[in-house]
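Peer 1: Here's the letter readout for the chains.
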Amino acid sequence: MMYDIGLTVFNGLAWAMATFLVAAGLTLIFGILHILNFAHGGFFMIGAYVSYTVMLAFGAGLPLWVFMIGAMAAAVVVGLLGWAVDMFVFRRLRDVEDAYSLIATYALLLVCGGAVQLIWGLNYLSVMPPPSLNSVVFIGDVFMPTYTIFVILSGVVAYIGLELLINRTQIGQLIRVVAVDPWMARLLGLNVTRIYLVTVIFSFAMAGVAGALLMPNQSLSPELGGIFLLQAFGVVIVGGMGSIRGAFLAALLLGMIESFGTYLFPQYPGIFFLLALAVILLVKPSGIMGKEQTA
Amino acid sequence: MASTEPLLKVSGLNAYYGGSHIIQDAALRVETGESVALLGRNGAGKSTLMKSLLDAGPRVTGEIMFDGAALAGVATDARTRRGLVLVPEDRRIYPNITVAENIALGRHAARPGAKVDSDEIYDLFPLLKPLLQRAGYQLSGGQQQLVAVARGLMGAPRLLLLDEPVEGLAPVVVDEIAHDIGRIRQTGDLSLLIAEQNLGFARRVTDRVVLIDSGRIVFDGGWDAFDADPQLKERYLAV
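In order, the protein sequences belong to chains A and B. Read left to right, the first sequence gives residues 1 to 295 (the UniProt record's numbering). Read left to right, the second sequence gives residues 1 to 239 (the UniProt record's numbering).
Some hints could be false.
[Claimed, not checked] Have a look at the derived ranges for each label pair, beta carbon to beta carbon:
#1 F88/A x G68/B: 48 to 54 Å
#2 Q170/A x K233/B: 56 to 62 Å
#3 V76/A x R111/B: 33 to 39 Å
#4 F265/A x A75/B: 54 to 60 Å
[Stated by the list, open to error] Calculated Cβ distances over 12 Å to all of chain A for the following chain B residues:
#5 V85
#6 Y94
#7 A109
#8 K115
#9 G182
#10 R183
#11 R185
#12 A225
#13 Q231
#14 A238
[Stated by the list, open to error] Facing chain A, according to a computed beta carbon distance under 8 Å, are these residues of chain B, among others:
#15 T76
#16 D77
#17 L86
#18 R92
#19 L105
#20 H108
#21 G155
#22 P230
Hints in this document: simulated from the structure, not taken from any laboratory. Keep in mind the model is a prediction, meaning the values are calculated, not measured. Note that CB positions come from ideal geometry on N, CA and C, so glycine has one too.
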């Protein structure tokens, strides 16, 4: 019994932190620019493919540092794509209705899928975790793949890093100020356009890193973008749109619900996430940290 | 050589919100060191005119010369760094940061190399000192206004635009703000353009009157000339 609970908690944590890694950039862009970026999953996928290409170039049996170089490359490439997307797409969406943002970012998602097909083809590709992350540890009786532990730690590090960045740094304060009232920020001499650009590049780079870190054990295909995106959207909505802390707490909550649900009713995997999503939104439509736009 | 050009010179200014033509062919000038009242009823176009000067809302055509240079094509944040700073009517204090942080934000509007010292600015507003560590949402309306003006001054403005600074404030607070503005004017050659409906307050803090009605400038002159024509008050300010 203890064994089962331990394993179920571990699986819930893995689900939570993997999803948070994807959700963080999504909620950041929503919180600051008020754009719901449907294409986030597409750029997550491009990050995974970029990292795949880097690892392919180095050959098989890769050490951890090559894996990290792959993640860096994904951050840089997807961050640069973020720069282009802000310049050519997001900037045009600032003064139009939300429906246009949805259509434009959905179109971007399709473009991402098409680009991946053109560059990497339709075949399913896969990558093993680096050997140093491809073992298991036992805590008590609980069997924990080191790669999964790595993903959980990555999620926690990403959360703490984001909290510090937003709440403890100069640029973080400016980002919060712009999120609350961009009009006044301009009147105070802040270059709001540039602060938006930095936010978008950073969020995209995070999507790229998430793709690279979560790629092992996934089948890479042009549909990858949609799979994590659905979970990430759930976490962003339950957490309260735009709240980093809310997304983190929601990821933990939904991860545990999903994990325990699947443990108790193994014939219905994936359904408890959706049930919980529906129930939480009925009870608190603004999400756990609703109202608080960025924190 | 002192320049004879006014600090701000506006001509043929038109401003639109969507299809509505709000400001119609306005001309306006403010000299260095001068304080000008912009009077008019609610909806006369005072706020729209002020926002037009910073390209912060309406679509604008016409010429705005500031310190001898045309502002067309200059972004809002860059205009603030040329010395044109607006304190908007609704004050817009950031609620979740402290008063001191709010005031410090104003420094982004300062020209590169401009000397601004927050302590000097706190000295101008003795009432602010005990509030510095308070969050923005914990302030009364009068306190918000003081913070907004102090924040504007942190941008080392050459022309400070105050949009209805005493609207909704108790008479004793209005009096305090009039004193503060008097003190600010003694510290240098700051120019002021103050949109107002409160005639008594405007009279105390300005040298000249510009009257706006339905988006048109209908009078521009000294307080003596304004007082000499009681019809002006009757036609353009009486509710």
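Peer 1: Does each hint hold? Answer for all of them.
Peer 2: Hints, verified against the model:
1. For F88/A and G68/B, the Cβ-Cβ distance of about 36 Å falls outside the hinted range of 48 to 54 Å, so the restraint is violated.
2. Our hint of 56 to 62 Å for Q170/A and K233/B is violated, since their Cβ atoms are close to 50 Å apart.
3. The beta-carbon spacing between V76/A and R111/B, approximately 35 Å, falls within the hinted interval of 33 to 39 Å.
4. At roughly 57 Å, the beta carbons of F265/A and A75/B sit within the given window of 54 to 60 Å.
5. For V85/B, the shortest C-beta to C-beta distance to chain A comes to about 7 Å, within the 12 Å cut-off, and the non-interface label is violated.
6. Not every C-beta of chain A lies more than 12 Å from that of Y94/B, the closest at about 6 Å, which undercuts listing it as non-interface.
7. Interface exclusion of A109/B from chain A breaks down, the closest Cβ pair being 3 Å apart, not more than 12 Å.
8. Taking the minimum C-beta to C-beta distance to chain A, about 16 Å, the non-interface status of K115/B holds against the 12 Å cut.
9. The claim that G182/B lies off the interface holds: its Cβ sits roughly 24 Å from the closest Cβ of chain A, which is beyond the 12 Å cut-off.
10. Against the 12 Å criterion, R183/B stays outside the reach of chain A, whose nearest CB is about 23 Å from its own CB.
11. No Cβ of chain A comes within 12 Å of the Cβ of R185/B; the nearest lies about 22 Å off, and the non-interface call holds.
12. Remark: the non-interface label on A225/B is consistent with the geometry, its nearest Cβ contact in chain A lying 33 Å away (cut-off 12 Å).
13. Every Cβ of chain A is farther than 12 Å from the Cβ of Q231/B; the closest lies at roughly 36 Å, confirming the non-interface assignment.
14. Here A238/B stays apart from chain A, with its beta-carbon at least about 32 Å from theirs, past the 12 Å limit.
15. The interface hint given for T76/B is met, as the beta carbon of that residue sits about 4 Å from the closest beta carbon of chain A, less than 8 Å.
16. A cut of 8 Å between beta carbons decides the hint on D77/B: the least distance to chain A is about 5 Å, and the hint holds.
17. Hint on L86/B holds. Least Cβ distance to chain A is approximately 5 Å, under the 8 Å limit.
18. At its closest, the beta carbon of R92/B sits 4 Å from a beta carbon of chain A; the interface hint therefore holds under the 8 Å criterion.
19. The criterion of a C-beta within 8 Å of any C-beta in chain A is met by L105/B, whose closest approach is roughly 5 Å, and the hint holds.
20. For H108/B, the suggested interface contact is upheld, since its CB lies about 4 Å from the closest CB of chain A, less than 8 Å.
21. Because the beta carbon of G155/B sits about 6 Å from the nearest beta carbon in chain A, less than 8 Å, this interface hint is met.
22. Below 8 Å, beta-carbon pairs count as interface contacts, and P230/B has none with chain A, the closest being about 37 Å; its hint is therefore violated.
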